[in-house]
Amino acid sequence: MNNSSDWAAKVARRSAGPGATVLAHTQATPPAPIDLVVFAASKVCRHPFTIFWVHDAGPSNFSWPSLNPAIVSINTRYLELIGTIRNIRLTDILSDDTRQQVTTDTILRVAAELALQHGDGALACFLFVESIIGSKIQFDTPWFVDLESRLPLDEAYIPTLFYALAHEIGHVHFEHLGRQGDIGNDSIRELASWAVTRPYANRMIPVPQDLYGYLTLGEAQCRTLRAEISADIFAARILIQATMDLMNRLGTLQDFRPEGVALGILFEFQTFFYMHRCASTVRRQKHNFSQQIYIDYSDSWHTLQFTIRFSMLLEFLAIWLTGENPGTAAGTARIIEYRQGITKYLDGAGYKLMDHAYRTLLFHCANGRRIADIKERLASEVGTEGIHGTAIVIETKKFCSMARQMCIKHPDIDLLQEMCDAGPERRADVLRRGTPA
Amino acid sequence: MTEEQIVLLIDCGEPLLEPIKSMLASHDLDVQSSQRRDMDGAVATSFLVLASIAIRTAPVLLDAITRFLQRHQVRRIEFGDYAIDNPRPEDIEELVRRLPQPGGDETAK
Numbered sequence: 000m001n002n003s004s005d006w007a008a009k010v011a012r013r014s015a016g017p018g019a020t021v022l023a024h025t026q027a028t029p030p031a032p033i034d035l036v037v038f039a040a041s042k043v044c045r046h047p048f049t050i051f052w053v054h055d056a057g058p059s060n061f062s063w064p065s066l067n068p069a070i071v072s073i074n075t076r077y078l079e080l081i082g083t084i085r086n087i088r089l090t091d092i093l094s095d096d097t098r099q100q101v102t103t104d105t106i107l108r109v110a111a112e113l114a115l116q117h118g119d120g121a122l123a124c125f126l127f128v129e130s131i132i133g134s135k136i137q138f139d140t141p142w143f144v145d146l147e148s149r150l151p152l153d154e155a156y157i158p159t160l161f162y163a164l165a166h167e168i169g170h171v172h173f174e175h176l177g178r179q180g181d182i183g184n185d186s187i188r189e190l191a192s193w194a195v196t197r198p199y200a201n202r203m204i205p206v207p208q209d210l211y212g213y214l215t216l217g218e219a220q221c222r223t224l225r226a227e228i229s230a231d232i233f234a235a236r237i238l239i240q241a242t243m244d245l246m247n248r249l250g251t252l253q254d255f256r257p258e259g260v261a262l263g264i265l266f267e268f269q270t271f272f273y274m275h276r277c278a279s280t281v282r283r284q285k286h287n288f289s290q291q292i293y294i295d296y297s298d299s300w301h302t303l304q305f306t307i308r309f310s311m312l313l314e315f316l317a318i319w320l321t322g323e324n325p326g327t328a329a330g331t332a333r334i335i336e337y338r339q340g341i342t343k344y345l346d347g348a349g350y351k352l353m354d355h356a357y358r359t360l361l362f363h364c365a366n367g368r369r370i371a372d373i374k375e376r377l378a379s380e381v382g383t384e385g386i387h388g389t390a391i392v393i394e395t396k397k398f399c400s401m402a403r404q405m406c407i408k409h410p411d412i413d414l415l416q417e418m419c420d421a422g423p424e425r426r427a428d429v430l431r432r433g434t435p436a
Numbered sequence: 000m001t002e003e004q005i006v007l008l009i010d011c012g013e014p015l016l017e018p019i020k021s022m023l024a025s026h027d028l029d030v031q032s033s034q035r036r037d038m039d040g041a042v043a044t045s046f047l048v049l050a051s052i053a054i055r056t057a058p059v060l061l062d063a064i065t066r067f068l069q070r071h072q073v074r075r076i077e078f079g080d081y082a083i084d085n086p087r088p089e090d091i092e093e094l095v096r097r098l099p100q101p102g103g104d105e106t107a108k
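Protein sequence lines correspond, in order, to chains A and B. FYI, in numbering that gives the first Met the number 0 the residues of the first sequence are 0 to 436. FYI, in numbering that gives the first Met the number 0 the residues of the second sequence are 0 to 108.
It should be emphasised that the hints constitute simulated quantities derived from the structure, not laboratory data. Warning: the hint list may mix true and false statements.
[Claimed, not checked] To give a feel for the contact side, a few chain B residues facing chain A, derived at Cβ under 8 Å:
no.	residue
1	S32
2	S33
3	Q34
4	R35
5	R36
6	T56
Backbone N, C-alpha and C fix where the C-beta goes; we use that ideal spot for every residue, glycine too.
Chain A with its partners taken away, still in its complex shape:
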């Protein structure tokens, strides 16, 4: 089709939503880390794809894998938020309680921005306010440019920033191979039974016992799992290659630690899972699914799916790290040893914080609470002198600005904006009055 760059840009702009800035990615000289991911992916994925950067939008990615060229987005707000989550999970300067508080605040903020993107202003405002009140510490969300420059250029750099991108390119690859990987339905079912009973699986992504009932996987579920596992393994291969290329260019390849990139991939996969879960939850909320539906199907299937995917990715990386043949007793022993080493590290790396934070989000969504339920708390905090009230106003201004940018209108957004515009002594009154002027 003629002028593919024109129509591809048009499709990307409308997919990103109103107010977003969408720019086609162009290769830098010398190549930037993302270019190394593109080089590595292009060697495997023969179907052309165009990457679009999406700025000033909610933290969500999209792709149109079947087009020619396929369209894959990379969203800077998504990267900023996963960068924040990474910083929280790895920090050693906060107490456990404080780490939990900032993790929960961040997950609620992610969900608030996703709700905005879905056009649900009421839920977005509630979750946003819940994320900023009662907080003793506001954890800094880095701008994307800061994030890029602050992250050390080590084995975790490329997996942290580009896991989602590589995964989506994986979907493009398998879509155009004409098959979604080589694994048959029976093998998928066997793998699923094996994966959820691994002792480490339950520790990495906790699976309620009743989920085992979902193991009678139907055709559609097998298809989804096949496609996602194939894209995960594709992403892992690409990220390993791109990381080695990056370190080679930096002259640090001799320091390359294979376990560093493996941990980076698995760590990012867990964050990716919680971002997915937040997106799924606010989407369901918008369509008025009840709490029962979340727990009975949507979230359970999501959790089960990610548990299976995590196990497969861990197995792939353990085999790659050891270079051992899993068909031999000695090989299996070495692989198990590596798996245990990896899971021990990840055990301490904050996934439980995210799980607890996500359950708080689920609780709020399931109870259908709105800003009216918590505005008195907001009024009492924003009316206080000092840094906490100021921090609330700064974050609220950013949130209202994001809503305006996305063209989302709602009386609760107007109320928050009016609170910000009022002088410090009037802010609490504005909220208590309740409706914007």
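We have chain A; now place chain B onto it with these hints.
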């Protein structure tokens, strides 16, 4: 001389995907389509059909599309710089009236 081509973009539900593609392909057009993938892996609800259309044949093709509008599953049509959300048959008729005449000085805006 190569005839000017304009990209037609149709956002529709899955049930209309194949019928619309077949209709466009029956006019020897280069048609492509895709489902949208979102971050949460939700079941795709948005499908896109794209085709390059010569301005000369646009009225006939656009007219043929009107028969798909009754089922309310065409969410948006874009043709060049024209865009219609939730199009009705009369919107398409209006679009056809506003198209430039082939060979005329004006190009589609």
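How the hints compare with the structure:
1. S32: holds, 6 Å
2. S33: Given a least distance of 3 Å, the restraint on S33 of chain B holds.
3. Q34: holds, 7 Å
4. R35: holds, 6 Å
5. R36: For R36 of chain B, the interface hint holds, since the closest Cβ of chain A sits about 5 Å away, which is under 8 Å.
6. T56: T56 of chain B check fails; min Cβ-Cβ to chain A is 15 Å, beyond 8 Å.
Hint check: a violation occurs at hint 6 only; the rest are consistent with the structure.
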